[in-house]
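K.L.:
Heads up: the sequence lines are chains U and Z, in that order.
If you use my numbering, the first sequence closes out at 226, no skipped numbers anywhere.
If you use my numbering, the second sequence closes out at 226, no skipped numbers anywhere.
Just so you know, these hints were derived from the structure itself, not from any lab.
Treat the hints with care, since some could be wrong.
[Stated by the list, open to error] The list that follows gives simulated cross-link-like pairs (lysine to any residue, SDA-like), each with its CA atoms no further than 25 Å apart:
#1 Lys201/Z to Ile177/U
#2 Lys9/U to Lys9/Z
#3 Lys128/Z to Tyr33/Z
#4 Lys9/U to Ser7/Z
#5 Lys128/Z to His178/U
#6 Lys64/Z to Val30/Z
#7 Lys9/Z to Ser187/U
#8 Lys128/U to Asn55/Z
#9 Lys201/U to Ile177/U
#10 Lys201/Z to Leu174/Z
#11 Lys9/U to Glu90/Z
#12 Lys64/Z to Ser132/Z
#13 Lys64/Z to Pro109/Z
#14 Lys9/Z to Asp19/Z
#15 Lys201/U to Gln222/Z
#16 Lys201/U to Glu154/Z
#17 Lys9/U to Tyr33/Z
#18 Lys201/Z to Leu174/U
#19 Lys9/Z to Ser7/U
#20 Lys9/Z to Ala195/U
#21 Lys201/Z to Asp161/U
#22 Lys64/Z to Gln222/Z
#23 Lys9/U to Leu183/Z
In this text the structure is predicted, and so the values were computed from the model without any measurement.
There are 2 protein chains.
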Amino acid sequence: MTTATASPKIAWGPRVNLDGVENRFAGTTVAPYSPPVPGIDNLGITSTDTFYIPNHGEVVVDFKGYVRVVRSEPTAGDWNRATVYTNLIELYMRGDTVEAGAIAVTLNPDFLSAGALWTPPCDAECDKPAKSCRMAVNAIFHLPRVGMILFNKEPIELTIDDVRSIPPAGNPGLGRIHEKLPLYSRSDPDGPPVADITALKFVMGTYLEPTELECLRQDLRQVLNV
Amino acid sequence: MTTATASPKIAWGPRVNLDGVENRFAGTTVAPYSPPVPGIDNLGITSTDTFYIPNHGEVVVDFKGYVRVVRSEPTAGDWNRATVYTNLIELYMRGDTVEAGAIAVTLNPDFLSAGALWTPPCDAECDKPAKSCRMAVNAIFHLPRVGMILFNKEPIELTIDDVRSIPPAGNPGLGRIHEKLPLYSRSDPDGPPVADITALKFVMGTYLEPTELECLRQDLRQVLNV
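Sequences and hints are given; from them, build the entire structure.
P.N.:
Written out as structure tokens, the structure is:
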């Protein structure tokens, strides 16, 4: 349930090749202003999401977890001209709430969450320009204690500005949400939205140890009781 | 090609019933702060879209055309509490460019473009609050002179603030685009983006005469040569 599938309904960008691409964990050297060879980045992540729930109000949840992101071959050898395409292939974040217990966020396999890192055209001639990063993400929000599973239809657009190295480990980012992004219930997917995300701030973490990744995967299985 | 289909890949919101819903044209009376009975609004629209085309640069295009929007039964009888769901069921805008001749924008039938008008929760207790309006739209950009057809995957989020009557005829609106929204080519739909929308400002027009709608539909057929 956490990994991207081969046949999503829709892919938000080009599918990035996974064959033979190496996993990157703690200890990986990252050079600034250098388009790296392809890799699967295993990174921590934290996110503070604000939800609006009708007849209840606003709920702010601090999430912590991991992402696995595969990066494409850069489209050019030099930093200024290189675009790098990305797919989010695995995601788990957990937030604990008083109201609803543990909330687990995983990838929605109906979509290929995808993005890119690129140099804004107006900066392409600068010396060592910052890159921009965007990714369109479809997630599932599991609330096992209250027996609810929510999901977004319109992708959550996650952006990171001022990217000086790839991956942008340690950078803060924003979900670009204007007023609200609707969430739907898995038990009534064609019905009206049941909640909204009204704000989302995240921070990309650094490379994980393989054992940290396994602990987080085990935690997910416990939360979902699978 | 301009109308929404029964079986899109994905619907961005609830499907609004069309059976027995009346068309609204010029002459329709619109009362402020009143949730109206369902209707199909036939409205003019203008939009100024900015595109970024690699190896070419920025192109700003002024579009003009029409929309047909079906509105749901309001979820409540009073203005403050009513949410109204909308589906964009027909769209045509035309922009004429030096570089590529006429550009025709129509609906993408693979998606159900959908949205809502609602009162921001913090304003629900105010006297005569303004509503907000959002719609997620997937379009096709036809460039017949250069033989290109482009489309967006992530929906374009069109928003109108300060809505005092439904429909919000005459209101200005914005496409909520952070840096860029990628466009893909119909001839290589799984490939990398070929252009971006970098900005979008629109103005909802007023109700059309039925003859104006027919003239615009005829213009579309001529532009597309069908």
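K.L.:
Against the structure, test the hints numbered earlier, and report the numbers of the ones violated in rising order.
P.N.:
15, 17
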